[in-house]
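There are 4 protein chains.
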Amino acid sequence: MDIIVLRQDATEEDIRRIVKKLESRGLGVHISKGTERTIIGVIGDTSKIADEEEDAVKVMPGVEDVLRILKPYKLASREFKPQDTIIEVGGNPIGGKKIQVIAGPCAVENKTMIVSIADKIKSAGATFLRGGAFKPRTSPYSFQGLGEEALQYMAEARGKTGLPVVTEVMDPRDMEIILKYADIIQIGARNMQNFRLLLEVGTCDKPVLLKRGLSATIKEWLMAAEYVMSKGNQKLILCERGVRTFETATRNTLDLSAIPLLKKLTHLPVIVDPSHGVGKWELVAPMSKGAVAVGADGLMIEVHINPEEALSDGEQSIKPDAFKKLMEELKPIAAAVGREI
Amino acid sequence: MDIIVLRQDATEEDIRRIVKKLESRGLGVHISKGTERTIIGVIGDTSKIADEEEDAVKVMPGVEDVLRILKPYKLASREFKPQDTIIEVGGNPIGGKKIQVIAGPCAVENKTMIVSIADKIKSAGATFLRGGAFKPRTSPYSFQGLGEEALQYMAEARGKTGLPVVTEVMDPRDMEIILKYADIIQIGARNMQNFRLLLEVGTCDKPVLLKRGLSATIKEWLMAAEYVMSKGNQKLILCERGVRTFETATRNTLDLSAIPLLKKLTHLPVIVDPSHGVGKWELVAPMSKGAVAVGADGLMIEVHINPEEALSDGEQSIKPDAFKKLMEELKPIAAAVGREI
Amino acid sequence: MDIIVLRQDATEEDIRRIVKKLESRGLGVHISKGTERTIIGVIGDTSKIADEEEDAVKVMPGVEDVLRILKPYKLASREFKPQDTIIEVGGNPIGGKKIQVIAGPCAVENKTMIVSIADKIKSAGATFLRGGAFKPRTSPYSFQGLGEEALQYMAEARGKTGLPVVTEVMDPRDMEIILKYADIIQIGARNMQNFRLLLEVGTCDKPVLLKRGLSATIKEWLMAAEYVMSKGNQKLILCERGVRTFETATRNTLDLSAIPLLKKLTHLPVIVDPSHGVGKWELVAPMSKGAVAVGADGLMIEVHINPEEALSDGEQSIKPDAFKKLMEELKPIAAAVGREI
Amino acid sequence: MDIIVLRQDATEEDIRRIVKKLESRGLGVHISKGTERTIIGVIGDTSKIADEEEDAVKVMPGVEDVLRILKPYKLASREFKPQDTIIEVGGNPIGGKKIQVIAGPCAVENKTMIVSIADKIKSAGATFLRGGAFKPRTSPYSFQGLGEEALQYMAEARGKTGLPVVTEVMDPRDMEIILKYADIIQIGARNMQNFRLLLEVGTCDKPVLLKRGLSATIKEWLMAAEYVMSKGNQKLILCERGVRTFETATRNTLDLSAIPLLKKLTHLPVIVDPSHGVGKWELVAPMSKGAVAVGADGLMIEVHINPEEALSDGEQSIKPDAFKKLMEELKPIAAAVGREI
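Protein chains in written order, with this note's numbering: chain A, 1 to 341; chain B, 1 to 341; chain C, 1 to 341; chain D, 1 to 341.
Just chain A, with the same shape it has in the complex:
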């Protein structure tokens, strides 16, 4: 039910026109005259009323404001599906008691590198391998990824370690090739509202890891999830990766409060990417601990053998030894919040 707040000077004629418009959409009304304002409560399923109609009511004579009460997403909401969604990939359940750890380099640079990193993170306890084949870069002159070659190397690393592979899709035209190799399809922050891409991954049957947009509200993020789910694919994982604020000492401001908040609003698993979230390797370990403590279902961490030679994001990558140490340090924190890692 929505609420229409009228202006103090709204006339009877204004009210009649609004009521007529609502009734023409099959909705009932409930008029309530207060001492200061009259409000119209709309009765019926206003979720059929798209935002554009709400806007149209807002400009009608006599209307001061329209308040929306129902959430604009459904399939993604906890009310629609109260129990937690658990997504199993390669034997690893995401969203259950065990915290899953996705690790690997920002970009796949060559075969030796990705196989070697996969090996090291596997032995440290990681459960998924990440790596970029198609890279979104702010400069057209930066390294854009190895493409299919990278996907082949990752598949080889998976063959050797058993780690399922997570990689990003940037273009609907790449879906076919990525689906051949990847176990989880990632949508990057800059594409969170690339609606055509969302619809495209919504029709595939592989899990989708949806990163939060650079300045996306929680509501917009869940509506992006709804885009994917509305096409049939319910295997969605949300990934907090920091939002843009005025602060320049960190690359982004990692919003850890989003995790417990999302746990109330949605049944979907929520993981955290501290590497992009802060952009400084020294802060990756403490923020990983924080993420586990607030209730994240998983972590996504950039690991590089030699960050000083990385072709991308060297500043926020940690070395395999630091990763191994971190995995040990996370165990008691996971235990403290009733989880395993």
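Keep in mind that the hints were calculated from the coordinates and are not lab data. No false leads were slipped in.
Since the list gives no way to pick out one identical chain from another, each pair is judged satisfied if it fits inside one copy or across any two copies.
Simulated pairs of lysine-lysine, DSSO-like, Cα-Cα distance not exceeding 27 Å:
1. Lys219 / Lys33
2. Lys180 / Lys231
3. Lys58 / Lys71
4. Lys21 / Lys74
5. Lys319 / Lys58
6. Lys160 / Lys331
Assemble the complex: chain A is given as a structure, and chains B, C and D must be docked to it using the hints.
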């Protein structure tokens, strides 16, 4: 030339390693020891050094910070091309003395509507017709546009009025069909960093109108322009449409200071979309006047015959009569800043 | 009238408890059961209900959200006083047809300097003299202003030019001395929510110029105005000076849309400070033009004889010649919007 | 050492003028001509050069930009004092191995209430009592605190429980009375840049708890600390309480990454206020866990016997039972990061 600031405790060995790395990239160095800090000036064309290498230097032992001095975009910069770029479309030069006005509905709803609006805005003085065929909507349940049908209607409206057509592309797979009908291809705010789409429009020979991203810095925006231009298409128009801030009383915060700032940094034409910038129809007229006063090369204004029945963005659309009145009011302001409208 | 939205699982007992609480505050209720949600409309003067009680209702069992409909400020609102407030200072009406221009240096550095600037801006058409005696500086090691000495110099400059004086108060303990010399008391951005200082200036009988806080919403700003007015002083002038965003190319993001928006919400005069708003002298002239075009009642501009030697804010100050040229250029824009300058 | 970047078209005359200006301040220069740009390195203690002089150099002919390398704060910096500062209050060391927990109501409402809460939080393990006597409220019509009466009640609660008292000062004129009762003086977020108040608390000998401003950068926050310390008071505790972003689902965005970052930049203790940070009681427990996991030295938590009847901030307060449970849950997390609670 870039600058590397060393930590107070950097050793001679640290310095040697950094110098070696830079020399291996064909760069010279200039070491300068201050009382508090040693800094290394990098000599040579560091524009060949991508951001990722900068990151890699940042994590070397002894390094405190790396400062970039050269701008990360070239083709778009005023230094590269000092004289203003003027883009002529259908006889209307964009970026010259005359301020161009693009008007029309958010979404094309049917033929009668778009033809009628085109007719009215033409007689009020608009020089381009806008209209959405493919609409980016935050909800999957909202009206997504009529697609090619809308493009055909717009072409018909162009046939009757002579107004060239501006419409948005959301998906590289739609380029072929859009190029058949449109005179200017628009990239929306949510796709400002959809790098594949940028590369795609960079290879066509129609002008591109690039909206600023929801929370994009001026630098990122110019780098998105650089993406398009690096592919060969130099016909780029920038469009300020508001940025996201904490303020909720307006839809976005229209950043008019971006106009005179961009005029210093780039040779490209810059226009303003006050409709999306504020999201409230009552503010469209004053903000249009402000845009002309600060030096915008054009305006993009949402006009709808009946905003109360609009399928999209009714709240921020003005009616043809208000548009006509506004066009008259803009004339003395344009004259005051040495322009025509 | 406020609205309380209940959770889907709210019980009859929950409703009874809420109703009882409201009735104990002398308020009536209107319960409205929709298909998806029950809402409670609160009848009576909820402006007596402070925010804290609203918070208290929010945490009651069964409550999902509390929506406030009435504006939380009164004396400052256009509804309370529909006609524009015009404040006359030294024969200059602020808020009327004539646009008032306050100019002068950031800080008063010595007598010769302030007298000389006053003389030059007066002949260029400025109607008020600004100058800092007590300066808020982010570093304790920066120049903090000359204090009373500066006030004496400004009074002398007023004696010679007739320009009324605007200066900032930072501390309630300085009020007595400032009231001796100043014609308008300025509250700086950093003190917009220094509530004790607001109450203090609310009891004096001189006009108050209230700058918008660094990240203040329009609502918070008007509530700060309400603080002053609630103490009896109705002579309040609002000054937009830019808000903090993620953009780093300008010092702040000047929010010109605040001007026409405030003109709807409040009867108070609204002026613009483009110098702090952008922080770059090259942008002061275009943004001043924009401010006049969107409907500002005045401008506040930093002018310095020799910005290269300024003890404060040199980067955003313009020279007297540039100021004189700007004043000429503003005339046709003021005329275009039905004003004088 | 600072760096001055020259424009491509800077002349020899420009350079001579800049060098002369720097030498007149007792500074040396180091000119370095690159292929694209000439830069001037400034030699000597530029910390004597205030920001205003930097601004003045920025506007000199031929100058493109001035880069500051040295940090603008000293006493607060880790470089100045490498070892952690530990502040002992009433036998509780803040900044050491033990995590200190400050709990209590937003505002002191009456004696029974504060004594009862003090008793309950003490038995749950809190080590300090918080409570507002002078309350900063956005509305002049909201409850403003009981003033000295509240301080007396808190002193009584301290007498019964032994818990030292933390309370906020809003006005330099209240210092005398607050110093009579309080053990730690709090500076609230809205007063972080109330420089006169900072100078005032800098001269007292009680520890100061300095909250981060609503949209303050880490650098500005440390400079506010520097204000206090420059007056002699080195007993400063920093308190992260969330920053303002575009997100509206939480009251603020709690920036937990600030904790490990501050631990690198400063020797001062850093605590976290999750209650104001998120503004929703359901999120207080998970965010408290996150704060301990990322390395906070303490927590500040709002506890109220009956949040539904609170006169302030009911929505973000937890009840004594929930607080007790939380204290237990924090123990294993504290242990996991080598701390006690």
